[in-house]
Amino acid sequence: MFHFSNIVRTKGDPKIVEGGPSLKRPEDQLARALGWFSIGLGVVEFFAPRRVTETLGMEGHETMVRAFGVREILAGIMSLSVDKNAGLWARVGGDGLDAAALLSGLTADNPKKGNIALALLMVGGIAMLDYRAAQDTRPRRPPREARRKLYPNRSGFPKGIESVRTAARQIAAPADNEVKQGDERRVP
Amino acid sequence: MKALVWHGKEDIRCDTVTDPEIQDPRDAIIKVTSCAICGSDLHLFHNFIPGMLPGDIMGHETMGEVVEVGSGVDGKLKKGDRIVVPFTIICGECDQCKRGNFSVCETTNRKRHLADKVFGHTTAGLFGYTHLTGGYPGGQAEYLRVPYADATHIKVPPGIPDEQLLFLSDIFPTGWQAAVQCDIEPTDTVAIWGCGPVGQMAIRSAILLGANQVIAIDCLPERLSMAEAGGATTINFETESVVERLNDLTDGRGPEKCIDCVGMESHVMASLPDTLLDRAKQMVMAESDRPHVLREMIYVCRPGGIISVPGVYSGLSDMLPMGAFMNKGLTMRTGQTHVNRWTDDLLRRIEEGEIDPSFVITHTVPLEQGPEMYQVFRDKRDSCVKVVLRP
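Going line by line, the protein sequences match chains F and V.
Its first residue numbered 4, the first sequence is counted upward by one per residue in my numbering.
Its first residue numbered -16, the second sequence is counted upward by one per residue in my numbering.
Just so you know, these hints were derived from the structure itself, not from any lab.
Heads up, a few of these hints could be off.
What the hints assert, rightly or not - Among chain F residues calculated to face chain V with C-beta under 7 Å, some are: (1) GLY22; (2) ARG150; (3) LEU153; (4) SER158.
As the list claims (entries may be wrong) - For lysine-lysine, the following BS3-like pairs were computed, each having C-alpha atoms within a straight-line distance of at most 30 Å: (5) V:LYS14 x V:LYS100; (6) V:LYS81 x V:LYS62; (7) F:LYS18 x V:LYS81; (8) V:LYS61 x F:LYS27; (9) V:LYS81 x F:LYS27.
As the list claims (entries may be wrong) - Derived Cβ-Cβ restraints for the label pairs, each shown as a range: (10) V:ARG82 x F:ARG28: 47 to 53 Å; (11) F:ARG135 x V:GLY63: 41 to 47 Å; (12) V:ASP328 x F:ALA149: 52 to 58 Å; (13) F:ARG150 x V:THR170: 46 to 52 Å.
The beta carbon of each residue, even a glycine, is placed where N, CA and C say it ideally should be.
All chains should be modelled from the sequences, with the hints used to inform the complete structure.
As structure tokens, this is what we get:
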């Protein structure tokens, strides 16, 4: 990407000669891929719900598919955000909803039940990836109960706090007097 | 040279880049001896502030030794001088600079057309801080070009270690300005939200300026312990109600002065529903900032009081209680720091041993470990408060 941004860089500003290693982990890349997949699927569901219901033999459920599309888009945006973990868990929950909706259409009289079985298989596979990514991208913040270093001796005042407070009081005192004298002059 | 380069959200790498060159007669090049990761760098790390491009060099807290000067520096700097570089680039000649409003210098933002559109008017150019503020390469690198170097520098004497001087570049004057903006009186209670590096400096500044009581609010034990060491009474917002405790500590009046050292990424907690809503809106890009602290300050501040905001906000904040703000007659003061307005005084205080800003440093590592330290700092691992990098 930086090759493109170098085009707008001012002449003379440093440009990358050799890239260093990225600390991005494979699970971060997976989360990103799932996020974009979610947005793509959501757009299809939102803008072409009839194509989806016809493929699955579930005509009449277009409103539900459109709502699922909105859910996919929001979960995708969350998965691409800093809080990707929340987005991925939202996707895991969404996978459950997808599976339940598909199962409701898996009836003996549905001529497209083969497509539903295939869709269920895909949802299962994606759900496994979502779950894996959600597990692996848990925030790495230390737990609240973790032992932490404390800094009780770092006052920043080499001469001590009391010395600073005394100095501040001494500076404030003459200023107070000036105000009082001024106030007296203003009293009628 | 080596430099920490932004490649995208949560992706900063230590790359090899070309060395900076003198581009203008008023430029200087410094060899960086120390630089630091600032809390506001994390907003860029998270890509919450628009205007970063892959390949941008990070960093705006930098000091070093002058190795080259342009012909127009006019003898104000020479090779070998030791300088701290203020994060705001200033010309020293425009109307705003003459008024001491250095952070809104009208000259130095070389991409002012962007700032004019986004902010209404341009602000100063900043090092390593998006193309909205000039797209200047930052100082988390081995060398740094300092534009307008004849004005954009703080000359520091030998004999004082880098650790004590480095924070004149940003967090010390930022905390100081936050406290000065409060017009602190000897009877005042000053409440400070956020005990990160700027919050710690604001606490010390409020003490130096003679506040009667300083109250610091955070949830991390290491930061609260550091705040307490600096003379503050502390409130852990995860275990107690901030509003109740502040009212208790001020006999129900509320603090006269409130300082927001948190900014746009306030903590999200299930017990604070507004923070959850803000986070959700921020995720879907329906709101850019999470202004919980601003809301709380307006609610709890004593009527007629002052709210000072050094914390960074990038764009749009929802649901601010303007009714309370107006009816209580509050004053809000904010802005990026006019660094050079304060640094002569602050340098004197360091030289005289009144304050030693190095207390805040918890990690010092080579520049190459910078990318990892961004994650450690962001995740508050290893009780991290402030990271200094050594190129």
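Point to revise | Numbers of the earlier hints that this structure fails to satisfy, in rising order | key: Of the numbered hints given earlier, those the structure breaks are 2, 5, 7, 8, 9, 11, 12, 13, listed in rising order.
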